[in-house]
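S.K.: So the chains spell out like this:
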Amino acid sequence: MAEARPLDALNKARDKKVIIDLKNGRQYIGLLKAFDIHINVVLDDVEERIDGEVKRKVGTAFIRGDTIIMISPA
Amino acid sequence: MAEARPLDALNKARDKKVIIDLKNGRQYIGLLKAFDIHINVVLDDVEERIDGEVKRKVGTAFIRGDTIIMISPA
Amino acid sequence: MAEARPLDALNKARDKKVIIDLKNGRQYIGLLKAFDIHINVVLDDVEERIDGEVKRKVGTAFIRGDTIIMISPA
Amino acid sequence: MAEARPLDALNKARDKKVIIDLKNGRQYIGLLKAFDIHINVVLDDVEERIDGEVKRKVGTAFIRGDTIIMISPA
Amino acid sequence: MAEARPLDALNKARDKKVIIDLKNGRQYIGLLKAFDIHINVVLDDVEERIDGEVKRKVGTAFIRGDTIIMISPA
Amino acid sequence: MAEARPLDALNKARDKKVIIDLKNGRQYIGLLKAFDIHINVVLDDVEERIDGEVKRKVGTAFIRGDTIIMISPA
Amino acid sequence: MAEARPLDALNKARDKKVIIDLKNGRQYIGLLKAFDIHINVVLDDVEERIDGEVKRKVGTAFIRGDTIIMISPA
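Keeping their order, the protein sequence lines are chains A, B, C, D, E, F and G.
The first sequence: position 18 = 18 (the working numbering), numbered continuously.
Throughout, the working numbering is defined as the position within the second sequence, counted from one, plus 74.
Throughout, the working numbering is defined as the position within the third sequence, counted from one, plus 148.
Throughout, the working numbering is defined as the position within the fourth sequence, counted from one, plus 222.
Throughout, the working numbering is defined as the position within the fifth sequence, counted from one, plus 296.
Throughout, the working numbering is defined as the position within the sixth sequence, counted from one, plus 370.
Throughout, the working numbering is defined as the position within the seventh sequence, counted from one, plus 444.
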């Protein structure tokens, strides 16, 4: 039986709402539309939260993988 | 059906106005003219914003990918 | 006799409860479901602890490898 | 039609005066003589500016790419 | 005669007690069970020391190589 | 006509006196004896300067490339 | 005539006493026994110095290359 790989978990989260925690403390919440092996990510319907408060809303966001700590379901 | 890749989202944003958030807190707003797999980016008609204020305007800017956090439509 | 490799230790920890210490001081405790050579990791039934206190619980978490210091049994 | 690549923009700037913004806040202004895929750069007739003030002038400077944020026309 | 390589020194330290100094100032003391070319390391019977004081004991620890400064015999 | 590459500029500086600016603010002044594609560098007759003051003199110094910001003629 | 490469200088320093300056400000003085292309280094008869004071002595030390700024003769 094939063993689970981390990117499988991201694949299951496609088109679902996720929270992305960045190294600078910010969070981005949105629909996971795309990702690659560098963990570059595209979200749709995105909220940016700083200290838990919504600061910005954007239709789509490309987030560079090396700034990401964690991706979890919203 | 092929799955979406993050660079497809950047490709759709070509010649459109984008906001780029850098790790140092600055923002660059301009027309996305080019990008590569390192997320090196070229913008035209660029405004540099620090704390929301326009600090500089340049005709074109090459931005090194490893300084970038997020790219979103302006 | 083959010599032990670090990823063998992670392999033995599959489906077991682990603590992951991150560079930003946070800890994530959960069941180790997947990992890869970059030490990208997926945990299930995850608790986030800051200064020893539980701050958040999530069903599953993808953690980017380059933010990780240590993985040990919980 | 071939799509634009970021290094094309640097190529057009050869022998022209550019400003390079570094991660440490300094700026180098000079003629762009050479660059490579790591964005290592060589400038001629270089001024180093800290907080907008000229601090040093050198005939030529090799600048390591990973210290660079942005390159724009001077 | 073949010249010595750094990983040979780690190889000789297998199953021996070592001190690992991390970039965040912490030390991990334990038996060196495994390592790879990234200097990812597995220790057994591990003590975590902060400012010289034992803070935690774990049966086994996977330590990501890029957090390590030095490995020396304990 | 072949285009100039950044390492050509370093090549012309061989056996000449250069100043190397490091990310930690220190400067090393000496004769450029060797370099490689990582910009690892060897200097001879080296002065270390901190805040413009000579702090140390060494016969030869190997400097790791990823600590270097700029190399210019002394 | 072949041009000098930086690792040649390290090779000449084998079995000789060197000072290694790390990014965290510490110095390690010892006999250079081994190194590789990542500048991972093994020293024997090692003194650790912080602010010029000897803090620790170890028989042998593996030092990870990416923490090193400079290697020079002691």
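If you're looking for bench data, these hints aren't it; they were derived computationally from the structure.
Keep in mind that a hint or two might mislead.
Said to hold, decoys possible - Computed spacing ranges between beta-carbons, pair by pair:
| # | chain 1 | residue 1 | chain 2 | residue 2 | range |
| --- | --- | --- | --- | --- | --- |
| 1 | E | 332 | B | 118 | 22 to 32 Å |
| 2 | B | 112 | F | 443 | 44 to 54 Å |
| 3 | B | 85 | A | 56 | 18 to 28 Å |
| 4 | F | 386 | B | 139 | 30 to 40 Å |
| 5 | F | 420 | D | 295 | 50 to 60 Å |
| 6 | E | 349 | D | 267 | 48 to 58 Å |
| 7 | D | 247 | G | 456 | 31 to 41 Å |
| 8 | B | 123 | E | 332 | 39 to 49 Å |
| 9 | F | 415 | B | 90 | 48 to 58 Å |
| 10 | B | 112 | F | 422 | 34 to 44 Å |
| 11 | D | 279 | E | 353 | 52 to 62 Å |
| 12 | C | 186 | B | 85 | 24 to 34 Å |
| 13 | F | 382 | A | 56 | 22 to 32 Å |
| 14 | B | 111 | E | 304 | 56 to 66 Å |
Heads up, the beta-carbon is just placed ideally off N, CA and C, and yes, glycines get one too.
S.K.: So the hint says 24 to 34 Å: do the beta-carbon atoms of residue 186 of chain C and residue 85 of chain B match that?
M.R.: Because 26 Å falls inside the window, the suggested range holds.
S.K.: Looking only at beta-carbon atoms, does the pair residue 279 of chain D, residue 353 of chain E fall within the given range of 52 to 62 Å?
M.R.: holds (59 Å)
S.K.: Tell me if the beta carbons of residue 386 of chain F and residue 139 of chain B are separated by a distance inside 30 to 40 Å.
M.R.: Hint holds: Cβ distance 33 Å, inside 30 to 40 Å.
S.K.: For residue 85 of chain B and residue 56 of chain A, compare the CB-CB distance with the range 18 to 28 Å and indicate the outcome.
M.R.: For residue 56 of chain A against residue 85 of chain B, whose Cβ atoms are near 23 Å apart, the range 18 to 28 Å holds.
S.K.: Starting from the range 31 to 41 Å, see whether the pair residue 247 of chain D and residue 456 of chain G falls in it by beta-carbon distance.
M.R.: holds (38 Å)
S.K.: Could one say that the CB atoms of residue 349 of chain E and residue 267 of chain D fall in the range 48 to 58 Å?
M.R.: holds (56 Å)
S.K.: Can you tell me whether the CB distance of residue 111 of chain B to residue 304 of chain E sits inside 56 to 66 Å?
M.R.: Cβ of residue 111 of chain B to Cβ of residue 304 of chain E: about 37 Å, so the range 56 to 66 Å is violated.
S.K.: So does residue 112 of chain B sit 34 to 44 Å from residue 422 of chain F, Cβ to Cβ?
M.R.: Holds, since residue 112 of chain B and residue 422 of chain F (Cβ atoms, about 36 Å apart) stay within the stated range.
S.K.: Range first: 22 to 32 Å. Now tell me if the beta carbons of residue 382 of chain F and residue 56 of chain A are that far apart.
M.R.: violated (49 Å)
S.K.: Could you say whether the range 48 to 58 Å given as a hint is met by the Cβ separation of residue 415 of chain F and residue 90 of chain B?
M.R.: holds (55 Å)
S.K.: Do the Cβ positions of residue 420 of chain F and residue 295 of chain D conform to the proposed distance bound of 50 to 60 Å?
M.R.: Violated - the Cβ-Cβ distance for residue 420 of chain F and residue 295 of chain D, about 35 Å, lies outside 50 to 60 Å.
S.K.: CB of residue 332 of chain E to CB of residue 118 of chain B, is that within 22 to 32 Å?
M.R.: Once the Cβ atoms are compared, 45 Å apart, the range 22 to 32 Å for residue 118 of chain B and residue 332 of chain E is violated.
Checked against the numbered hints given earlier, the structure breaks hints 1, 2, 5, 13 and 14 and satisfies all the rest.
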